[in-house]
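Generate the whole structure from the sequences, applying the supplied hints.
If you're matching them up, the sequences are chains A and B in order.
Counting along the first sequence from 1, when you hit position 128 you're at 128 in my numbering, and nothing is skipped either side.
Counting along the second sequence from 1, when you hit position 317 you're at 317 in my numbering, and nothing is skipped either side.
I should point out that these hints are in silico values taken from the structure, not numbers from a laboratory.
Certain hints may be false.
[Stated by the list, open to error] In silico EDC-like pairs for lysine to aspartate or glutamate, Cα to Cα no more than 20 Å straight-line: (1) A:K385 x A:E255; (2) A:K198 x A:D121; (3) A:K97 x B:D14; (4) B:K228 x A:E13; (5) A:K360 x A:E301; (6) A:K381 x A:E415; (7) A:K97 x A:E442; (8) A:K48 x A:E13; (9) A:K22 x A:E184; (10) A:K360 x B:D169; (11) A:K48 x A:D70; (12) A:K128 x A:E184; (13) A:K360 x B:E4; (14) A:K198 x A:E236; (15) A:K22 x A:E301; (16) A:K381 x B:D14; (17) A:K328 x B:E151; (18) A:K48 x A:E23.
[Unchecked claim] A short list of chain B residues far from chain A (calculated; beta carbon distances all over 12 Å): (19) I176; (20) T194; (21) V299; (22) L320.
[Unchecked claim] Anything over 12 Å on all C-beta distances counts as not near chain A; from chain B, calculated: (23) V25; (24) Y116; (25) I167; (26) M204; (27) L219; (28) F229; (29) R233; (30) G308; (31) G338.
Every residue gets a Cβ at the ideal spot worked out from N, C-alpha and C, and that includes glycine.
Each chain is listed here by its residues.
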Amino acid sequence: MRLPFLKRAATFEHGIHPSYHKETGSLPIRRLAFAPRLIVPLSQHIGKPAVCCVNVGQEVLRGQVIATADGFVSLPVHAPATGVVEAIGLMPSANGKMVDSITIRVYQADGQAVQVSEPRDVDAMDKKELLAAIQATGISGLGGATFPAHVKLSVPPEAVIDTLVVNGAECEPFLTCDHRIMVERTQDLLRGIRIAMKISGAPRTIIGVEDNKPDAIAAIQAALPADGSITVKALETKYPQGAEDTIIYALLGREIPAGQRPAAIGVLVNNVMTLAYLGRLLPAGEGIVERVLTVAGPAVERPGNYIVPIGTPLRFLLEQVGAHSSAKEIILGGPMMGMTISSLDVPVTKGTSGVLAFAKAQLPKDATRVYSCIKCGECLKVCPKFLNPSHMGLLAAKREYEAMAERYNLDRCFECGCCSYVCPSHIPLVQQFRIAKAVNREKAAA
Amino acid sequence: MSIELRTSPHMISDRSVSRIMLHVVLALLPVCAFSVWQYGLSALALIVVVTATCLLTERVLNRTPGQPSSLSDWSATITGILLALTLPPAFPLWMGVVAGFFAIAIGKLLWGGLGYNAFNPALAGRAFVQAAFPVAISTWVPAFAVNRFSEFIPSSLTAPLMIPPSITDWIKSQHIDAFTGATPLARWKFENVTASTHDFLTGMVTASAGETTAILILLGGVYLAARKFMDWRIPVAVLGSAALLAWAFHLYDPSRYPSPAFVLLSGGLMLGAIFMATDMATSPVTPVGVWIYGAVIGVVTVIIRYFGGLTEGVMYAILLGNALTPLIDQYTQPRVFGTRQKRT
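Here it is in structure tokens:
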């Protein structure tokens, strides 16, 4: 319980306080070596896959477009390194599917400077030109949502955006790449913010940062423009503070109406990493060929934040940071919502915010012992969407998936995992909800 | 490197059912200790025998091949201790065995075991013996008998299936002044005499084995609430609603209705509010529901005490609250995020 007069940082209701393991937050960003081969999927974003425009055996320059966008909701792909196209075909991807990818053999002797750029004066460009230029950079949501940045910034004409919310919460344990970006690339971030404000017409911007990153808040504070249009606000360190619903509620006290986009309540949300890359690449006229990501976890010898070329296979990445042979679980993203991968040949893509290696699952001793639901109601106390995971879990056990959707708003669940985290019976609640949603989708499609 | 596939979340908290239940047991131990200090061997034997019966019943009737025993979740231990604490200290041990067996076999396992029972198993057991042995369950003894650590109260050792002997002579032999053989609630109801708060706080009242020490019960509750092993809203709702209603009656006619302090401290209200109404499996899960549930228990307790034929109403109030739980849950589903619009 939180007494109003003690309330300091802005926050949302419910949520959890996992152990954060943010040790890498104090380490400066370092550059990772180029892997001998880079595997670049044609689809690293939500929308239509890019269309390959190179041939096997063709030499490519770092930054050159190797696949073009196919329509508006699509993004081009740039060569992450100077080298030669070795293969075009199916390669493993994070979710286990084989996807069309371009494999590039990297010229190790090359200096690997970005060869293709088209510097421009961002201030002189209008909204339409900016959006086209953003699409050309190939930037998708770098927080992990992978929605093309130019689509997200294209607010419907009828919507009036009064606030741009910049998401620097980084509430997932272990991940600190957003933190380092805010500290080390503050000017890029502010440039990106001004571009996003220009496109969306938002008169003000609030940057929300969890209060476990005081140096990031201070760095941004020191760089803010004097006109007061951009402010930074401390958020309580609590998971999932960085979800779209929760960060808007924490900063503005507004709830996104169920099933609608933030634009419906006059808000546009963007991740700090996305805007920082926008502010860096757009004026330079370059495509996104690398990204900053966190490599951490108990099975990693040299955890930290690394600039990693897109397409770097995880095997190479983990070798470089000294992953132990005992690593049992490799997670893309954070431990609360990330996914484990089945093959180390999976490459880093634009949406990879972190790679975690756990020697064994970070679970308490008796976590495998599943008890029946004792109706303690703990899951209701943590669900940020105010759902009833307890009752949904009981229905899921009986496979009454439709009742879960009809009576308990299953579809509002965004799978943050708070319910599974607190459940003293170790019932895999969010896992059951995923299955229920999938079954309901299948039924609806049939 | 062999890697495992698992779906998120990849971290979970260290809470577990057995840990929660173990801490409830720990919070009950001071209450047990006080009871043994007051009533000696008889109370100790009652707690041990009832708890052992509960454990044995759970062990024998709840076996799943290849699964670890359900005793390790500590829930049967809680049921045993709580049940013993609600019985009079001189209760014949064989009747305690009946109560313990009924609590676990009928009150819990018949429903499907931990989490599935609709009623608090300890109270189910007590309700059964209250109906089966009405005399024994209302036979009270004085605390601090001289030889309480060397000899049993005669009724404790009644042979199985036999009616307990009269203990009137034994009570007389103790030379304890002012012992009337009635609980403070009964004395208030039939003689309009109210016990003092001081007597309640020091345990100098006639009551069930674990109902005399409001302070230790309260401390246990504060410990559990602080460690988040108990939902603090339920005891607050139970005690708050009971106190409010008692206060209203007291204002209306102070000569007839006792003070709220008497209502809170007498009988099993404190033990019931803190350790039994909070039983997770039989209380609502919704945020609004727990308040309604607690208020129902508090109000019904006072109504039974003031207007019912019984002197004590906590047990039936909680059982009624348990029965209403599914209904309360159904009508108090939380408001889903995104269904309210507020612009600032």
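Comparing the hints with the structure gives:
no.	hint	result
1	A:K385 x A:E255	holds, 10 Å
2	A:K198 x A:D121	holds, 14 Å
3	A:K97 x B:D14	violated, 34 Å
4	B:K228 x A:E13	holds, 18 Å
5	A:K360 x A:E301	holds, 15 Å
6	A:K381 x A:E415	holds, 16 Å
7	A:K97 x A:E442	holds, 19 Å
8	A:K48 x A:E13	violated, 37 Å
9	A:K22 x A:E184	holds, 17 Å
10	A:K360 x B:D169	violated, 67 Å
11	A:K48 x A:D70	holds, 6 Å
12	A:K128 x A:E184	violated, 30 Å
13	A:K360 x B:E4	holds, 9 Å
14	A:K198 x A:E236	violated, 29 Å
15	A:K22 x A:E301	holds, 15 Å
16	A:K381 x B:D14	holds, 17 Å
17	A:K328 x B:E151	violated, 61 Å
18	A:K48 x A:E23	violated, 38 Å
19	I176	holds, 43 Å
20	T194	holds, 35 Å
21	V299	holds, 22 Å
22	L320	holds, 18 Å
23	V25	holds, 15 Å
24	Y116	violated, 7 Å
25	I167	holds, 40 Å
26	M204	holds, 36 Å
27	L219	holds, 20 Å
28	F229	violated, 9 Å
29	R233	violated, 10 Å
30	G308	holds, 29 Å
31	G338	violated, 4 Å
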